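What follows is each chain in one-letter form.
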Amino acid sequence: MEPLLCFPDPPAGGLAAALDAAGYAWRAVNDANAAQRDEPGDGWTGAVVSAVEDPEGAFSLCRALRKRETPLSPLLLIVAPSQLEDLELREDLFDDFALADASPAELEARLSHLLWATGRGKRHEVIAYGPLALNLETYQAVLSGRPLDLTYMEYELLRFLAAHPGKVFTREVLLSRVWGYEYFGGARTVDVHIRRLRAKLGEEHAALIETVRSVGYRFGRARWAP
Amino acid sequence: MQSQREYVLRTVEERGVRFVQLWFTDVLGIPKTFSITPAELENALEEGMTFDGSAIDGFSRVQESDVIARPDPKTFQILPFRSGGQSVARVFCDIENLDGSHFEGDPRHVLRRQLERAHDSGFSFFAAPELEYFYFGDSKPGAPPTPLDRGSYFELTVADISTDLRKTTVLTLEDMGIPVEYAQHEDAPSQHEIDLRYTDALTMADTVMTVRLVVKEVAQERGVHASFMPKPMTGVQGSGMHTHFSLFRDGRNAFHDANDPRGLSSVARGFIAGLLFHAREITAVTNQWVNSYKRLVSGYEAPIHVSWAYNNRSALVRVPVTKTGKTESTRVEYRATDPACNPYLAFALVLAAGLAGIEGGYELPPEADRNLFAMSPEELRRAGIHPLPRTLDEAVTAMEGSQLVADALGDHVFEWFIRNKRTEWEEYTCQVTPYELERYLPAL
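One line per chain: the protein sequences are A and B, in this order.
Using the working numbering, you'd call the opening residue of the first sequence number 1354 and step up by one each time.
Using the working numbering, you'd call the opening residue of the second sequence number 604 and step up by one each time.
Please keep in mind that the hints were generated in silico from the structure rather than gathered at the bench.
Note that the coordinates shown come from a computational prediction; the quantities given were computed from them, not determined experimentally.
One or more hints might be untrue.
[As the list claims (entries may be wrong)] Computed spacing ranges between beta-carbons, pair by pair:
1. D1373(A) <-> D798(B): 46 to 54 angstroms
2. S1413(A) <-> E650(B): 30 to 38 angstroms
3. R1390(A) <-> S638(B): 51 to 59 angstroms
4. R1419(A) <-> S724(B): 32 to 40 angstroms
5. G703(B) <-> D1454(A): 36 to 44 angstroms
6. G725(B) <-> E1478(A): 27 to 35 angstroms
7. A746(B) <-> E1478(A): 30 to 38 angstroms
8. R1419(A) <-> E609(B): 27 to 35 angstroms
9. D798(B) <-> T1471(A): 47 to 55 angstroms
10. F1513(A) <-> E643(B): 28 to 36 angstroms
11. F1513(A) <-> V924(B): 55 to 63 angstroms
12. D1373(A) <-> V924(B): 51 to 59 angstroms
[Claimed, not checked] These stretches of chain B come out as covered by chain A in the derived footprint (C-beta under 8 angstroms, 3 or more residues):
13. 671-678
14. 772-780
15. 795-806
16. 933-947
Beta carbons are placed, not taken as given, at the ideal position from N, Cα and C, and that holds for glycine.
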C-alpha cells in the first residue's frame, strides 16, 4: 500500500505517532508542489491534512489536491474546535474531519472507515504471516504457495485471526466479530471452524492457530513482540 | 448473504472453476446433483435453479413437479479431486417450491426444522458419527463381495492398499475441512472406520454425505469398491454408524451436571429416556433397508435391545465416560444407526425423540449393566427390556403408529417413506434367496 500524504511537514502533535501506531505508511509535504513531486508511483493512498497550524496553506493544498484530474480521496481534515466555522462552504475539500484533540484510536477508526468507503478499503490488500497470505480483494488464501480451498466462514475466520496476530480472542468475541448473525451452534461453532481450518492448514501449519486454554484462540505471534 | 455470494463468485473466477455441482439429497439419503457453469452461478445464487423433481425419490407430488434448488453459499467448497483435469466445486442446496416456500420433501429442511425447534428451547445440537465401511475388489452386482485384505499370498500387498486408501481418504477429507478423529481397521476383514469430530448436526449431515462420496471416489480411483452396506457379508460384523450426540445451552454442555455423581444432567436423562421410549419408532429411519436388520442381530456387537448403560457395548444408548475435567465432552452414543441411513432424517428423529423426553419429563429406566446378549428372553422381559424391530417390516409398523415421527418428518416425507418401505419389504419377501436354494432344493 502506498503512503498517505501528510500536511504539514513535519506533521503536528501526535499525528505521526498515531499513524505509525495504526500501521499506516505516510510521507509529509509542505505544499502542492511537494505533493506533486513526492507522490509515489501508484499515487497517494489518501491524505491527512491538519489546518491547525497553517489554515491558509492547508486549505490551498486541499484545493489543489481536489482540483486534480482525479481528485485525491479520501482526505481527512484536522481542525481546532475554533475552526469549525471555517469548514462552511469548503465541504468539497475533504471527505471527513476530526478535531485536533481526537484520540489516536479515533483517527485510526476514521481513516480506516474512509479508506474502506472510498474503495481503497482494506488497508492491507494482502495479509501475510509467515507462509500464509490472504488476498483480501480476491478472497484467496495461499499457504506456502499452495492455494487453500476455504469455505466462506473459514476464510472470514482466518482473515480475522491473521489480521490480529498474537492477540487472544475468546469464542464469544470471535462469534460476534466473525459470524455476527443468526447461527446454529453457539460458541462451539467457533471450535468446529477452528478445527476445520487447522485440518486445511495441514499438520505442518495447524499450530499457526493456538488454543489458549480456558480463554480462546490466538493466531501466530505479535509482529512487534519484544 | 451478499458477501457470501460475492465470495463464491470471486473464488470461482479466481480459481478457474469450470463446473459447480449443486448437491442435494433425496428422501432415502441418496446424493443427487446437477452441474452448472460459472456463467449460471450468479443467477443460481440469487434465484435458485428450477428443475423437475419428479424423478427423484420422495420429490414427486401430485400437481407440480418443478422445484427450485437454492445453493447455500456457506457450503461452497472446491473439490480436491478434479473431474477430467478440471477444477470443480460443490455447494449444498435447499429445495424450495416455486413460490419460495420450503419443499416438504427436502431432508435438509426436515432437519433444519427440528434444529430450530431445539433452538427455541435454547439448545444447539451436535453430532459426531463413526462410519464403518468395507473395501471390496470390484465385483459384479449380485455376486458375493470379495474383501480386499483376506486371502491368497497377495495378502501383504493388498492389505497395504486398503491402509493406503484410508490414509488418502483422511487426507482428502482434511483438505475439505473435515477433521477426522480416528481412522482404523475394524474387526471384519477389509472393514474400516472413520470417526468424525463433532459439528452442529446440519453441517454433520452434509459432512456424512460428503464423506460417503469421498470414500467411494478415492477407492474407485484405485479400482476398489467401497461400500456402506450395513451387512455385506454373512458371518462377520456389519457396518454401523454409532453417533455421539450432545446438546449445548448458553455455550455450555447441557448434558453435564457437576452435582450429579455420574456427571449427568436431568437434560441428558430426559434425552436418553426419550431416545429409548421412541427408539422402536425411529428405527425404520436409522436403519432403513431390508439389509439393515441383518446387522441388528445377536453376536456382533450391534444393539438388539432398547437399553442404555454407561459402559456396556451391548446397549443401544451408551454414555461414554468422559476424562476427568472434560465435562464439555459429555455425550450420549446412539448405536443402532447404520451408515446407509439418510443422516438428515436420522439426526432429526434422534433429536425429536430426545427433546420429547426432555420436554415430557420422561423417566429414565435403570441402567442395563449386564451383558444383554447373555440374558435369556425371560430375563430381558422381567427387566423390562424390549427388543428393537427385527425386520424392516416390524420397524415400519412401529413407525406408522408414531405421532412423534409423523410430526418430525412432516406428512409428505412420512407417508412417502412408509409407502416406499412397504414396497421394498413386499419385493423382498417375494425373493427366493440363495440361502433357500442351498438348503431346501437338495433336501425337499
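A quick look at each hint next to the structure:
The hint said 46 to 54 angstroms for the Cβ distance between D1373(A) and D798(B), and at roughly 50 angstroms that hint holds. Checked against the given bound of 30 to 38 angstroms, the beta carbons of S1413(A) and E650(B), roughly 53 angstroms apart, lie outside it. For R1390(A) and S638(B), the hinted distance range of 51 to 59 angstroms is satisfied, since their beta carbons lie about 56 angstroms from each other. Range check, R1419(A) to S724(B): about 59 angstroms between beta-carbon atoms, so the 32 to 40 angstroms window is missed.
In this structure the supplied range 36 to 44 angstroms is violated for G703(B) paired with D1454(A), their Cβ-Cβ distance being about 53 angstroms. Separation of G725(B) from E1478(A) is about 42 angstroms and departs from the stated range, judged on CB atoms against 27 to 35 angstroms. The beta-carbon spacing between A746(B) and E1478(A), approximately 59 angstroms, falls outside the hinted interval of 30 to 38 angstroms. Distance hint check: the CB atoms of R1419(A) and E609(B) are about 31 angstroms apart, consistent with the given range 27 to 35 angstroms.
Against the hinted window of 47 to 55 angstroms, the Cβ-Cβ separation of D798(B) and T1471(A) comes to about 50 angstroms, which satisfies the hint. At roughly 32 angstroms, the beta-carbon separation of F1513(A) and E643(B) lies within the given 28 to 36 angstroms, and the hint holds. Between F1513(A) and V924(B) the Cβ separation comes to about 37 angstroms, which falls outside the hinted range of 55 to 63 angstroms. Separation of D1373(A) from V924(B) is about 55 angstroms and conforms to the stated range, judged on CB atoms against 51 to 59 angstroms.
Closer than 8 angstroms: that is the beta-carbon criterion, and the region 671-678 of chain B has 3 residues meeting it against chain A, so the requirement of 3 holds. For the region 772-780 of chain B, the assignment as covered by chain A holds, since 5 residues bring a beta-carbon within under 8 angstroms of that chain's beta-carbons and 3 suffice. Given as covered by chain A, the region 795-806 of chain B passes the check, having 6 residues with a CB less than 8 angstroms from a CB of that chain where 3 are the minimum. Residues of the region 933-947 of chain B with a Cβ under 8 angstroms from some Cβ of chain A number 0, which does not satisfy the need for three, so the listed coverage is violated.
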